[in-house]
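Engineer: Going down the list, the protein sequences come from chains A and B.
Just so you know, we're using numbering that gives the first Met the number 0 here: the first sequence kicks off at 0 and counts up by one.
Just so you know, we're using numbering that gives the first Met the number 0 here: the second sequence kicks off at 0 and counts up by one.
These aren't lab readings, by the way, just hints derived from the structure by calculation.
As the structure is a prediction and not an experimental result, all values here were calculated from the model.
Note that the Cβ used here is the ideal one computed from N, Cα and C, for glycine as well.
Honestly, I wouldn't trust all of these hints.
With a straight-line Cα cutoff of 25 Å, these simulated SDA-like cross-link-like pairs (lysine to any residue) come out [claimed, not checked]:
| hint | chain 1 | residue 1 | chain 2 | residue 2 |
| --- | --- | --- | --- | --- |
| 1 | A | Lys31 | B | Leu474 |
| 2 | A | Lys31 | B | Ile465 |
| 3 | A | Lys51 | B | Val454 |
| 4 | B | Lys125 | A | Ile29 |
| 5 | B | Lys486 | A | Lys45 |
| 6 | A | Lys51 | B | Lys210 |
| 7 | A | Lys51 | B | Thr164 |
| 8 | A | Lys22 | B | Ser3 |
| 9 | A | Lys45 | B | Thr164 |
| 10 | B | Lys210 | A | Ala12 |
| 11 | A | Lys45 | A | Lys22 |
| 12 | A | Lys22 | B | Trp119 |
| 13 | B | Lys125 | A | Asn9 |
| 14 | B | Lys322 | A | Gly14 |
| 15 | A | Lys45 | B | Ser3 |
| 16 | A | Lys1 | B | Ile122 |
| 17 | A | Lys31 | B | Lys125 |
| 18 | B | Lys483 | A | Arg66 |
| 19 | A | Lys45 | B | Phe473 |
| 20 | B | Lys121 | A | Lys31 |
| 21 | B | Lys322 | A | Asn9 |
| 22 | B | Lys211 | B | Phe466 |
| 23 | B | Lys125 | A | Phe10 |
| 24 | A | Lys51 | B | Phe473 |
| 25 | B | Lys54 | A | Ile28 |
| 26 | A | Lys1 | B | Lys210 |
| 27 | B | Lys54 | A | Ile29 |
| 28 | A | Lys56 | B | Val456 |
Short derived list, chain A residues pointing at chain B, Cβ under 10 Å [unchecked claim]:
| hint | residue |
| --- | --- |
| 29 | Ile4 |
| 30 | Leu5 |
| 31 | Phe15 |
| 32 | Leu35 |
| 33 | Ala37 |
| 34 | Phe43 |
| 35 | Phe44 |
| 36 | Arg61 |
| 37 | Ile65 |
Sample of chain A residues facing chain B (criterion: CB under 10 Å; computed from the structure) [unchecked claim]:
| hint | residue |
| --- | --- |
| 38 | Met0 |
| 39 | Met18 |
| 40 | Phe36 |
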Amino acid sequence: MKKLILSIWNFYADGFKNMTWGKPLWLLIILKAVILFAILRVFFFKPVMAGKTDEQKSEYVRTQLIRS
Amino acid sequence: MVESALVGWSRAQFALTAAYHWIFVPLTLGLAVIMAVMETLYVIKKDEFWKQTAKFWMKLFAINFAVGIATGIILEFEFGTNWSNYSWFVGDIFGAPLAIEGIFAFFMEATFFAVMFFGWEKISKKLHLASTWFVAIGSAISALWILIANSWMQHPVGMEFNPDTVRHEMVDFWALVLNPVAVSKFFHAVFSGWMTGAIFVIGISCWYLLKKRETRFALASIRVAAIVGIVGTFAVMLSGDSSGIHVGKYQPMKLAAAEGLEEGGTRAPFSIVPGVEIPGMLSILATHDIDGYVPGINNILEGYTTPDGDVYLSAEEKMEKGKIALAAFSDYTKLKEVDPQTAAKARQLLDENVEYFGYGYIESQEELVPNVPLIYWSFRVMVYFGSFLLLLMIVVLWMEWKGRLVNMKWLQWVSLLSIPLVYFCGQAGWIVAEAGRQPWTIEGLLPVKAAVSSVSVGAVQTTFFIFVAIFTLFLAIEMRIILKAIKQGPETEE
């Protein structure tokens, strides 16, 4: 089992180490992830019902739907 | 009542994000199959040329994938922030397919993608080939779940509304998965990806021919892509035909809008362009019977009876039932703790009218008619460009087979310049599907104005323009990286 995990680890490690044109793509993916999760998600896309329990969410949407 | 500006900007933002997402998805679906076929040829023929050919298209596949990855996650952000009523109301119907997709996509991408890109010299040819095919199949299956969720919004099945939780609860998983709308939508979307991949490969290969370089590579790529594209286009036509039947049955207003059909009937005509029609063609497309009855916009609003005697309610009648459902929902909520007996009656009334729940929010029947010119022309862009691209692929394949393509500069130019057309085709198809469903988020159950969150219009406008900037930037980056890779060319030996 340990040998299998080690060989999988080496497979990925070698792959990343020997990457040529793939490196800028990974940079792009990381940059995008930062923009999405550290900026947009945190500052612009706070879920409206974040922090509410399921009961509170039901109540909130009920009020919204009946009021609409 | 929410502001119409809020609904408009929320819709615009979602449409922008979804349209951007759909730039990358079809190319992923199509290129995956094309490179898998090329690698299969490498394994069968044991010719290094096919390995290098497959590797080049894999490189473009990876660039497209890297830029496209996570664009779908933005849609999920928007569900929680701008469409919170909708997100809660749909309950586990949406959650289950998306969770399956997330888990499945993660394992697919973490394993087979890695093997495909890192494993060329480390595993056997056959195992590598299997990984490439798993990437192709896995990409399609990954699209399946989001399309099941989307199809449920077009034709909700397999659920029950629970007024206690204000959520729809899944009662029949297989009804959801085997929803006829989902089946045809899945094949239509996936095979349209084959078309996109094929036109992309043919166009880029023709650029090499125009530049008089990589000739063997370009001609071989064209051959594979054109065959995949032609097969894909016929499958798109078959699934589109099935989709037409479903739209006629479950979303007749969308069909009437796509045709600009005000008054329907039997032997309904198909409009080529305004004023030019093929008699009876729409009846054939929508019912597979020239005498089939197709209702027009006015018939749907006023109510109609088919020649078979089936009676369909008018908009006013549906709105009345919707208001009853909404009032019963309100009464049940107020009374369930204090007067269980009256609450039970309200619950029964709600259950009897729940299929018209969304009509309770509709104030005038005009709201039920989507943007007819937009749907009408989008449908024609999809069909006419799609037909042109099919013809182009047949001509290109024929000329390649005859050995004449290499000298036909005009055809090479047409192929190169046709790359944007396949994207217009795909985007137009989604406009028909989504704008044609208006005013509904979930057909008949929840209009967009009730689905939207109570957030400020300014906040939605701000994020809309942030997205425009970010999307433009990333698209420019992708174009730059892809163009650089294309200019560099494959590592094949001529």
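Engineer: Does B/Ile465 lie within 25 Å of A/Lys31 when you go C-alpha to C-alpha?
Structural biologist: 14 Å, holds
Engineer: Measure nothing beyond the straight line between the CA atoms of B/Lys210 and A/Ala12; if it is 25 Å or shorter, mark the hint as holding.
Structural biologist: 39 Å, violated
Engineer: Does the alpha-carbon distance linking A/Lys31 and B/Lys125 stay inside the 25 Å limit?
Structural biologist: 34 Å, violated
Engineer: Measuring from the C-beta of A/Phe36 to each C-beta in chain B, is the shortest one below 10 Å?
Structural biologist: 8 Å, holds
Engineer: Given the hinted pair A/Lys22 and B/Trp119, is their Cα-Cα distance within 25 Å?
Structural biologist: 18 Å, holds
Engineer: Quick check on the hint: A/Ile65 CB to chain B CB, less than 10 Å?
Structural biologist: Hint on A/Ile65: holds, closest Cβ of chain B at ~5 Å, below 10 Å.
Engineer: A/Lys45 and B/Thr164: Cα distance at most 25 Å?
Structural biologist: Holds, at about 22 Å.
Engineer: Run the distance test for A/Lys31 versus B/Leu474: straight-line Cα separation, threshold 25 Å.
Structural biologist: Since the Cα atoms of A/Lys31 and B/Leu474 sit roughly 12 Å apart, the hinted pair holds (cutoff 25 Å).
Engineer: If you take the shortest Cβ to Cβ gap from A/Phe44 to chain B, is it below 10 Å?
Structural biologist: 4 Å, holds
Engineer: Would the pair A/Lys51 and B/Phe473 pass a check requiring their Cα atoms to be no farther apart than 25 Å?
Structural biologist: 35 Å, violated
Engineer: Please verify whether A/Lys1 and B/Lys210 have alpha carbons no more than 25 Å apart.
Structural biologist: Between A/Lys1 and B/Lys210 the Cα gap is close to 53 Å, so the pair fails against 25 Å, i.e. violated.
Engineer: Sort out whether B/Phe473 lies within 25 Å of A/Lys45, counting only the CA atoms.
Structural biologist: 23 Å, holds
Against the hints set out earlier in the document, violations occur for numbers 4, 5, 6, 8, 10, 11, 14, 17, 18, 20, 21, 22, 24, 26, 29, 30, 33, 38.
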